[in-house]
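Chain residues, written in single-letter form:
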Amino acid sequence: MAQIALATGFVLILAGLYGALTNRDILRMIVAFTIADTGVNVVLVAVGYMPGRTAPILDAAVPVAVASQRIIDPVPQALVLTAIVIGLGITALMLAYAYRLFRLRHSLDISNFTELKW
Amino acid sequence: MVSPVLIIAIGLGTAFALGLLGSTRKTLLFGVTLAALAAMATISLIWLVALATGATETAEIHTAGVAPPFAINLRVGIAEAALLATVTLTGLLAALSLRAQLLTLGRGGMAVLLVLVMAISGLVMTRDLFNIFVFIELVAIATAGLVLLSEDTRAVCAGFKFLVVSQIIAILLLVGIIFTYHANGSLNIDDIGATPVAAQGAALAMFLLLIALVIELKPFPANGWALDIYTSAHPGFSAIFSAATGSAALFVVDKVVAPAGAEWLPLLTGIGLLSFVGSNVVALRQDNDRRLLGYSSVGQLGLVLAVIGQRDVLGDAYLYVAGGLVLSHAVAKAGLFWMSAILRGRKLQDWAAIRARAPMVLAFATFIAMLVGLPPFPGFYAKWDLAQALVAAGRLPVLGLILLGVLIEAAYLFRWFGFAIKREAPESGLSANMVDCGITFAAVAGGWALGWIWGAIPGQHNVLATLPVLAVVAFIALEPLPAKLKNVLAIAALLGWFALVYGDYDPMRLIFAVVMIPGGAVILLASFSETGRRIGFYPSAMAMYAGLALLLEANTFFEFFAAWEVMTLGSYFLILRGRMSEPHALSYMLFSLGGAFALLAGFALASGGVQPFALDQLGTVTAELAPWVFVLLAIGFMTKTAAMGLHIWLPGAHAEAETDVSPMVSGILLKAGLFGLFVMLMQLGRQSLWGVDLTVVLAWIGAISAFLGAVLSIFQEDAKRLLAYSSISQMGYALFGVALMNHLGWLLAMMFVINHYVYKSMLFLAVGGVYKRTHTKLMYQMGGLITLMPFTFVSVLVGIIAMSGVPPLSGFGGRWIFYNAIMDADLRLPLILIFMAGPIGFLYLFRLIHTIFLGQLKDPHRQLKEAPFWLVLPQMIFAAFLIAFAVLPGMALQRVDGYIGSIFGDQPLIWQGRAITSEFGYWNPVAIMVVIAVVFVAVFLILIAKNHDAQKVKQFNIVFSAERPYRPETTHFAWNFFAPYRKAMGILETPVVTSFWGGVTDGVNGAAEFTRRFYTGNGQTYAAHVLLFVVAVYLIAMGGVA
Amino acid sequence: MIRKVVIGLMVALLGVAFWTLTSGYVPDAELNRTAAYYAANAESEVGAPNIVTGIIVTWRGLDTLGEVTVLFLTSAIIALVLSQSKTPKGASGAGLLPSGELLVTGARMLAPLIALFGAYVIMNGHLTPGGGFQGGAILASGVLLSLLAEPSRRFGHTVIARIESFSGTFYVLVGLAGMAYAGGFLDNGILPLGRFGTMLSAGAIPLISILIGLKVGAEFSSILESLHETEDA
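Protein chains in written order, with UniProt numbering: chain A, 1 to 118; chain B, 1 to 1042; chain C, 1 to 233.
I should point out that these hints are in silico values taken from the structure, not numbers from a laboratory.
What you are looking at is a predicted structure, and each value in this text was computed from that prediction instead of being measured.
Heads up, a few of these hints could be off.
To be verified - Computed cross-link-like contacts, DSS-like style, restricted to lysine-lysine with a CA-CA straight-line distance of at most 25 Å:
no.: 1; chain 1: C; residue 1: Lys-4; chain 2: A; residue 2: Lys-117
no.: 2; chain 1: B; residue 1: Lys-26; chain 2: B; residue 2: Lys-484
no.: 3; chain 1: B; residue 1: Lys-858; chain 2: B; residue 2: Lys-772
no.: 4; chain 1: B; residue 1: Lys-946; chain 2: B; residue 2: Lys-484
no.: 5; chain 1: B; residue 1: Lys-865; chain 2: B; residue 2: Lys-422
no.: 6; chain 1: A; residue 1: Lys-117; chain 2: B; residue 2: Lys-484
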């Protein structure tokens, strides 16, 4: 079960990377990266998953005394939240950049932006 | 003590709070930003000082009131404090550099800058893996924001390429972090290190983590994205990107590799070396200043990464070495970027604009010396300790590659410096203002302070604290004074130093000391002919003399090497002053550095890492290492004496130098190599490698140099080049003498030390005087100057008599000892070469006096006057000395002879009154002088008596008698003077050596040109490079594991 | 074509590395030492039933502060990136058809509800799934709705900027207060932990959640504003 989630995440990452490196259109690259980011997030939560356990919230069903036998690992959940927000920030930034690049040359083909080289 | 968390809190709090101040009062906002950065820097400095002085212990800061590994913790030790200080100060100065942009954009830009500095500081302090990721992303986003402050629209493209690669890094990093967490059950670096696990996938997770962090270091060749940022971003920001971000990223790799384990170190070493050498090679073909700095930055990061890979063998020296390199790089690179803000043009040649401003040149020189690792800067100490540790651990290939990389880096940096000093300055190429200049000089001051600190650390020899080097610094401060006054001070300094030290020297050292120190003072007399302030001359000259003085003082390998480098640096600046000397000074520098690196490796091999290692312990080296030490040191010293094969720098460097510089670098500086050879042979003695006696090899090289140097000399048209090639020949004699390894051979070499100094200085001054009047060095354009410049004529006459070794002058004494010496030795074959070099030497000397002073006077020269008094005066002193030395050779040589006797345990010469007797005959200088005088006077009288028979020949009498000349100089009898000999011996003139070194240069440049096509400018391709790099390293690493 | 093959090959090789990770992956049977500590001490140390919130706000509070900063940076930079291409005031959206009455009214009705829901999610962050980020995003979605429904409407940049600055600064100050009055930077123990499982408990966590919620909402709104004002291209 855990392997399936992991494998899904990795496939998303690979697909995203392949897309980002083969599509010349900047917007498509950005979309591909968001797919890869999603894959990373899936991998993150999959690693914290433990079969047969519940969410890490202490309540009547999960008293403190037995919490460590009942709940899944809360750390990856905390990490994924941060990772999601950071991914979102970078995606937003890339979109803003894409806008500027388009204004610069009225094109979104990344192979048109190569004045800086060698 | 204030908590270091405040660095983060102040940075972040101010960034947030800027919005409360409103967006219209931009000056106020900027002031608050600066105040916040200053406060962050102050906290860092307080901690740095407290930790360095031992006033406090390494601070462990827990957040959330919970101990690690359960909450994020921060640490501030000495390394962290030093980096924090670097980061925050760079941020503060960069804010000043970016002031125009920040004031235009308002609070957004300022907040981003504050967050960037805060995030880099956090990256330095945190001990938590995921927290590292958060700070890395903050740095990446802030970078993408600040790149936009550039006026260059291309920066937008660069920022996007950067973001694409950041995404890939983030993906790898997160996957690595989560699997490391899974394997270790912890995110805390120290906790991971403390609890080893064997979980499957842990190694792969660590690989992903490390490779992501390594890509942050922009490793060659997966770094096109970073170079574009360097090229297009505002230099104020590039300084942060290079100095602060780069150093922090290195520190993160260092932090993470500690728990990862030593098995990762070879991988880091490999990537680091590839990056260092590769980036430097590609940088050779750059002509954009900022892109060049970018390549240099990624190269330096690679160097430090390679040093991190050596942490297992560096032990206690690790922080000292890595810190020295990182801080040198940070200060110098930040300084250079800030300086580039003052320059309007972006070509390397445009830096010529700084030439008119001496402080700028000083700043540029400081930064370049810091990057190359020359004394007195931290990189120099680091390089030394690194070499010791690497050799002790048997990692010679690593040392070799590092030194190769440094040499290539020196090549383009010093070429650039040459452009700045020698190329035509563009019109209004500077946009200097107080702030930009101020921050540049803050970096300069920081560099010198670091040099002092690195030297002052216990157990080190502080180069800056020695009297001669302090004198150099004083002369830098005295630059505004007029040249004549500085000249008086310089002469006084040299004589004063000599008075201070001469009592301590053995006779042999004393001879060298006399030639180098008071000898230098005599040559400085010629410098009185210069007017104005002569900016740059005195610090350079005094640096060279300081190096020479310290060389004689040196007791340990380190002191010797430091002195050697100071001398090299000073003489480079001196040579560079010549009008046409730009390429020659560069080749001088590169050969000198190459030679110095051979010395460095030789010393390290000899000491086996034990520091300090006394020079006179050199003899205790084990038998299997000794021949290799011999080879390395001999190569180093022969580079300085310009032995054939390593000589191609000399003719240009000596011939194109200024009139009073040529005698310094020829008459004095060449002796440093001889001194080194003496020191080495005295300790190591004869050594053989694969059954070949290495001293015989040296003798052969000496003989070939003596012979070929003379042959090349006779075909020169340029008088100073003729003298320069003659120096190669003369040094060949001396090398041969030293290599004979017998008493008379050494005495001969000592004789050459004195003689060559005197007559070569004299001839260079004489030819320099002629050049000053005729404005040409080409001999066929001169003639008949005997009546106009009689004193100069006399000194050339005396000089060539002395040099050619005919009686009665001191050259003859040299020859006499020489013949006795070779009869003692059994090297017959090289002996023939040496014999043949004698008459060939006579040919070029004859040409010198004949072509310049005899024959027809040229029309433009009819009004010439004698050379300036101050040029003639030292020549006359030298002439008087030559005559006195010829009559009384014992005054200098007798004590040396006794001293050498005490080394070899024999006494082949008997000094009796005025006569000297050897096994093979005797030499009475006084009698010879009398005989020659009688013969000369007799012939002279006959000539006068028959003077009326002479017939005057008009100048054009012979010229058009045959065919029509196709070039004006071919009409002159002195052009191609020795054409018949050229027909016979021209084959010896084939520039084999020059072609060889030319081939090396072309090869490296070709590789650079080929490699840089790799950087296509396409952001997607760059991302593919990164992925390819990851996959390639993965395959190599897995191959290494399997 | 060659390019695609080469990149495909590289991605495949990376896939091999990932496959090694996947095939060797064994889920933990027990909580590891870090997670076990959190499970055991959530009540006594942070007083938050939602352990994830406890981790985010307190134990890994520095990450969260960084995360808030990421949004802050992004919004500041987007404003910088787009400021050069801003359309003249008032011109934006002028060319669009006026939104229908139905849409405007519906949006105006929904917006306060969305805001209320956001506030609820923020306030209960330490008790149930949710928290400052989630709630902040919900708040911003209200702004998004209003922007979409009434393109010509302008929000007060100043107000948003003030909220943004105030909540951020105050967050840092709360963190510093932890240093002064409790165990360290960002320690939630500056306020009493209260009774476990009630609204006003878990020390400073609800306060920090509110600040995060306000900050996130303001940052998102500001990003949306910036994007909105550049719709001319």
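Hint-by-hint comparison with the structure:
As the CA atoms of Lys-4(C) and Lys-117(A) are separated by approximately 22 Å, the hinted pair is consistent with the 25 Å bound. For the hint linking Lys-26(B) to Lys-484(B), the alpha-carbon distance of about 52 Å lies beyond 25 Å, and the restraint is violated. Annotation: proposed proximity of Lys-858(B) to Lys-772(B) holds, straight-line Cα distance about 16 Å (limit 25 Å). Annotation: proposed proximity of Lys-946(B) to Lys-484(B) is violated, straight-line Cα distance about 49 Å (limit 25 Å).
Straight-line distance between C-alpha atoms of Lys-865(B) and Lys-422(B) comes to about 30 Å, which puts the hinted pair past the 25 Å bound. Using a Cα cut-off of 25 Å, the hinted pair Lys-117(A) and Lys-484(B) is violated, with the two alpha carbons roughly 51 Å apart.
Checked against the numbered hints listed earlier, the structure breaks hints 2, 4, 5 and 6; every other hint is satisfied.
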